[in-house]
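> Here is what each chain is made of, one letter per residue.
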Amino acid sequence: MGAAIAAQLARAGAEVVAVDVKKIQEIPSNVGFNERIHYQRLDITDEPAVERLLGDLVADFGDLNYVVNAAGICWFGRDGSIVTSEREVWNQVLAINLTGAMVVCRSAIPHLLVAGGGALVHLASVAGLRTSDGPMDAYQVSKAGLISLSRGIALSYGPSGIRSNTICPGAILTPMIQPLYDDEPARAVRMAERTPLRRLGTVDDVAAATCFLLSDEASFITGTDLLVDGGWTLALA
Amino acid sequence: MASELTTRGGDCQYLLADVRSAADFARLATYVGSALGGLDLLVHNAGIYPTSTIEEMSEEDWDLVHDTNLKSTFLAVKALLPELKKSSAGRVVLISSITGPITGFSGLSHYAASKAGMNGFMRTAALELAPHRITVNAVEPGSIATESLNELGEEAIAKMVNLIPVHRLGEPRDIGNAVVFLGSDLASFVTGRSIVVDGGQTIPEIPE
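Here the protein sequences come in this chain order: A and B. Counting from 1, one number per residue, gives the positions in the first sequence under our numbering. Counting from 1001, one number per residue, gives the positions in the second sequence under our numbering.
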């Protein structure tokens, strides 16, 4: 998802610094980084490293205008009920999905203020608004926390010209979930059938919504959650 | 109105109609079918908000607001559904409000109920029309600088601006932008949802 967002932002004319905990050699070659997308290896749970990188990129590129929190993990199979899953799962999922996003916001907002404002989009999930199949307690709590964090930022920094919104994707075909569908193709069919629009979402669906919320077209939209779920959460069943 | 829009670069046809009238919508559907051969996007924007407390409100007051704001939503979608089905990517966007779906407003019980009703209709219409690849969404405007709002006077508007985290009123263009996004291919996986366009006004637990 992050790669698709980076690509759309670059096409829209932005200089994009994409970060991931992986080495660049481990990033799939089809991600398509180009001269407008600058890759940096970064662990978002390492606050001094996040601060350093943001300082460097402002020095190299000038003002920071937009921030997208797309980093996240979902431990299918290991994440479950809080009673039965390992404590380590909770710690890791919360550390990356919620605390990591908080660290990025905390480090980025001073730069956005220097730039005279800006916009943040956080990739949450419909699981943060409802529940996960499964269950996956750590994941859904991390996403609910992210939604709440976004609102807090929207309220605190609205007067300074900073907007904050979330995207809540439903069933999206991403590289993270692809292996699961490869192992069990019927799962992909089931997810598409449960979606009222009768298809899985694409990373481009999510990227388009992200770019809209970042853009000046959305300059009066803040503190909201945009669901990109094909109607997934509309019906009870 | 049509000539103003046409000079802005669009091709605009104006049809005088009463949104409370099924016959008028039938006339519109016939025109759309014959002149355009189908419909890609239906935007329902008509609405009224005369203020009245529940104590003072007559049954006629209630009915007028509900017929204009809510029944018209059903009439519009029903009448134009055959034309929307002809599109490969039909879109319906309803202009709802934060009043009703999220907040209350003294003197607007009929309006608030009609707007909450629009959202309920929208969610179910999204499910019913999804098999036809038609998406149904809404926009919930907050405080927008429309002509009727400007009539409140400078002092009232300044107070209102203070309650909005981004410290400005919305412009009609802000609502237009959200409608354009929901009506476009960019939002083809978004259905049954509303986008709140309120500058963050409904986030605080207690307004400052």
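Keep in mind the hints are simulated off the structure, nothing from the lab. Wrong hints could be hidden among the right ones.
[Said to hold, decoys possible] So these bits of chain A aren't anywhere near chain B, every CB distance computed over 12 Å:
no.	residue
1	GLY13
2	GLY134
3	ARG163
4	ALA208
5	CYS211
6	ASP225
7	LEU227
[Claimed, not checked] Stretch-level coverage of chain A by chain B, calculated; a stretch enters the list once three of its residues show a Cβ under 8 Å from a Cβ in chain B:
no.	region
8	149 to 161
9	194 to 200
10	213 to 224
Here the structure is a predicted model, which means the values were calculated and not measured. Heads up, the beta-carbon is just placed ideally off N, CA and C, and yes, glycines get one too.
> Each hint: holds or not?
Here is how each hint holds up against the structure:
{"no.": "1", "hint": "GLY13", "in the structure": "holds (17 Å)"}
{"no.": "2", "hint": "GLY134", "in the structure": "holds (23 Å)"}
{"no.": "3", "hint": "ARG163", "in the structure": "violated (7 Å)"}
{"no.": "4", "hint": "ALA208", "in the structure": "violated (4 Å)"}
{"no.": "5", "hint": "CYS211", "in the structure": "violated (8 Å)"}
{"no.": "6", "hint": "ASP225", "in the structure": "violated (9 Å)"}
{"no.": "7", "hint": "LEU227", "in the structure": "violated (5 Å)"}
{"no.": "8", "hint": "149 to 161", "in the structure": "holds (count 6)"}
{"no.": "9", "hint": "194 to 200", "in the structure": "holds (count 4)"}
{"no.": "10", "hint": "213 to 224", "in the structure": "holds (count 8)"}
In terms of the numbered hints stated before, the structure departs from hints 3, 4, 5, 6, 7, listed from lowest to highest.
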